[in-house]
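**Q** Okay, here's what each chain looks like letter by letter:
2 protein chains.
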Amino acid sequence: MLKASPLAMVPFVSVDNMMRLVHHIGIETFMSDLAGEIEHDFARWELFDKTPRVGSHSDVGVIELMPTSDGEQYAFKYVNGHPKNMKEGLQTVTAFGVLADVYSGYPKLFSEMTILTALRTGAMSAVATKHLAPKGAKTMAMIGNGAQSEFQCLAIKAVCGIDNIRLYDIDPLATEKCAKNLDGLGFQITKCTSPEEAIEGVEVITVATADKDMQTILTDNMVGSGVHINAIGGDCPGKTELHRDIVARSTVFVEYPPQTRIEGEIQQMPEDHPVTQLWQVINGTAGGRASAHEVTLFDGVGFAIEDFSALRYVHKKIQDTPFYIDFDLIADPDDPRDLFGMIKRAG
Amino acid sequence: MLKASPLAMVPFVSVDNMMRLVHHIGIETFMSDLAGEIEHDFARWELFDKTPRVGSHSDVGVIELMPTSDGEQYAFKYVNGHPKNMKEGLQTVTAFGVLADVYSGYPKLFSEMTILTALRTGAMSAVATKHLAPKGAKTMAMIGNGAQSEFQCLAIKAVCGIDNIRLYDIDPLATEKCAKNLDGLGFQITKCTSPEEAIEGVEVITVATADKDMQTILTDNMVGSGVHINAIGGDCPGKTELHRDIVARSTVFVEYPPQTRIEGEIQQMPEDHPVTQLWQVINGTAGGRASAHEVTLFDGVGFAIEDFSALRYVHKKIQDTPFYIDFDLIADPDDPRDLFGMIKRAG
Chain A
-10 MLKASPLAMV PFVSVDNMMR LVHHIGIETF MSDLAGEIEH DFARWELFDK TPRVGSHSDV
50 GVIELMPTSD GEQYAFKYVN GHPKNMKEGL QTVTAFGVLA DVYSGYPKLF SEMTILTALR
110 TGAMSAVATK HLAPKGAKTM AMIGNGAQSE FQCLAIKAVC GIDNIRLYDI DPLATEKCAK
170 NLDGLGFQIT KCTSPEEAIE GVEVITVATA DKDMQTILTD NMVGSGVHIN AIGGDCPGKT
230 ELHRDIVARS TVFVEYPPQT RIEGEIQQMP EDHPVTQLWQ VINGTAGGRA SAHEVTLFDG
290 VGFAIEDFSA LRYVHKKIQD TPFYIDFDLI ADPDDPRDLF GMIKRAG
Chain B
-10 MLKASPLAMV PFVSVDNMMR LVHHIGIETF MSDLAGEIEH DFARWELFDK TPRVGSHSDV
50 GVIELMPTSD GEQYAFKYVN GHPKNMKEGL QTVTAFGVLA DVYSGYPKLF SEMTILTALR
110 TGAMSAVATK HLAPKGAKTM AMIGNGAQSE FQCLAIKAVC GIDNIRLYDI DPLATEKCAK
170 NLDGLGFQIT KCTSPEEAIE GVEVITVATA DKDMQTILTD NMVGSGVHIN AIGGDCPGKT
230 ELHRDIVARS TVFVEYPPQT RIEGEIQQMP EDHPVTQLWQ VINGTAGGRA SAHEVTLFDG
290 VGFAIEDFSA LRYVHKKIQD TPFYIDFDLI ADPDDPRDLF GMIKRAG
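Protein sequences, first through last, are from chains A and B. Per this note's numbering, the first sequence starts with residue -10, numbered consecutively. Per this note's numbering, the second sequence starts with residue -10, numbered consecutively.
Everything labelled a hint here was simulated from the structure, so no lab data went into it. A portion of the hints provided could be inaccurate.
Repeated chains share a single entry, so a pair holds when one copy, or any two copies, can fit it.
[Claimed, not checked] Below, a list of computed lysine to aspartate or glutamate pairs in the DMTMM-like style, where the Cα atoms sit at most 25 Å apart:
1. LYS306 x GLU77
2. LYS76 x GLU185
3. LYS305 x GLU186
4. LYS119 x GLU260
5. LYS97 x GLU189
6. LYS333 x ASP160
7. LYS39 x GLU17
8. LYS305 x ASP261
9. LYS124 x ASP327
10. LYS97 x ASP5
11. LYS97 x ASP261
12. LYS305 x ASP152
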């Protein structure tokens, strides 16, 4: 290989290196750090260039690009959603992303984001729970024990100190898998066989289910006063997790209203259903929980700024580590006008 | 490194490997093949999901995402445009792109596209010239001898047999560079010191200038009847290359009208200025050149389908070659619901 100039190089973080980085930092530290980065970026929300995701839909799934920028750095994520993939031994969701420098337009990080999205989704729920859960919350029901469940539990424990977890899934094997994965990580785990059992006495309910048929698993009369709910599995049009009456009784907090009204639980509600933007709670321009009896609902769908925060964090953390490879992604001729000459001389 | 599953792997083509691939295939063959792929995709234009590019603008430049899909494959390109970069020793335009499978949502190729865009831009002009130039054209003026000029000349020679080239640039050093690069590649080259001299007796004029102040370099009375013009340097709002009167006198051919009306030469014209879509000329549903006296103008701005064609071609051509590396971009746990377990076990 020709000696490429340092300007040509972009650091790449593979799946393997992302796992190494996570273990190097520690998964709970990683997610509580990430929660801090998300809070930092949400607090300066108005600086960001916000675009709804750009989707390409087919009969079997969607491929989306989610760009954003704070004026200094730019990020986008590629993410697919293919529910039928699991049956074929493939991931329902895979993702990768890029962080770039706005001033030069040059990419400065390319990273896998399947794992990173799972981590930031946990961190995001932890941020919401920190700001909205009743004081002194110690117990959480985790409804839906699939790929996202462990990340939710660990992030919320790391950020909010909630370590008593009641697991429930319609598939008992999923609950077994989740319980086994969380074993030895500092939790008290209860495996439940019904949603009623799972939510008994909890202060927080986190729902992360993959199937839209799940939406009646929690009915309104099951949800007690004062709880905080994170609903993070409903994240596309036609996919919701909570009965409409629960949404109606809750105070609803969202990331980016134009996106959540299409993708979130509130797609069941009228277009003007009142919502509070979480960034305003974080920077103090809006109130959060108003009373100990209020049911608060974080209707999370995932927003580009969270990916931006995650990429920014990874970019910081890989400096002076072996957890990336440099890849010559940028053509860098000595004379910028002489791209052809560079190719010719390589012959 | 853990042994990653084949499903986790995505082939990556670096700048170095792209140059190797180009030399392996031969640059003229590469561009005439690419012209064929573009014609193939333009002929089935209506199948494509067409979205205007998604831009993030700053004071000094723009970062754009250009997605498209034919329902079976999906592609997007990241491209920046920063005119001030050259003075700082950086590329004005850098690019990379991804080809993905619509059915699974999985990426199947990640590639540098700074070089690839230069190649496809040449190939695109060659397609337009093939369909619009007067019969038997042998001579071309190449106005603007910067980074794109050699690619234009080689592609048009490879596809249309035009090998008599008259070079002109306001900077004589750029003309020297272009002439030197094309030396020994089968051209008759004339270095000209004025635009009038460059276009004397030519059948084709290709204009690829980087500066918007160039727009008066060709005035209407200089352009003779019957010529074909490729105007490819004007590719963003506020940047045009041709005097309005030339556009007014020409029959205008474009890629995707909603984009060209904002970015192309026709941004100078009324919103309903008549244009013909090149894909219709290619598949025979619209006429091309109507007479030997007509001035035809290809108002090229670059469209996502051309990048799609280019990525599709590279993906085909790298099979069974050493011109890529496999990179574990996809997290592929044995059980798709057990992403966390995969990370835990890697510790």
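**Q** Hint by hint, say whether it matches the structure.
**A** Going through the hints against the structure:
no.	hint	verdict
1	LYS306 x GLU77	neither (35 Å within a copy, 28 Å between copies)
2	LYS76 x GLU185	neither (29 Å within a copy, 66 Å between copies)
3	LYS305 x GLU186	neither (43 Å within a copy, 55 Å between copies)
4	LYS119 x GLU260	neither (28 Å within a copy, 53 Å between copies)
5	LYS97 x GLU189	neither (48 Å within a copy, 46 Å between copies)
6	LYS333 x ASP160	between (60 Å within a copy, 22 Å between copies)
7	LYS39 x GLU17	neither (29 Å within a copy, 43 Å between copies)
8	LYS305 x ASP261	neither (40 Å within a copy, 50 Å between copies)
9	LYS124 x ASP327	neither (64 Å within a copy, 32 Å between copies)
10	LYS97 x ASP5	both (19 Å within a copy, 18 Å between copies)
11	LYS97 x ASP261	neither (40 Å within a copy, 42 Å between copies)
12	LYS305 x ASP152	neither (29 Å within a copy, 52 Å between copies)
When each numbered hint is compared with the structure, violations occur for hints 1, 2, 3, 4, 5, 7, 8, 9, 11 and 12.
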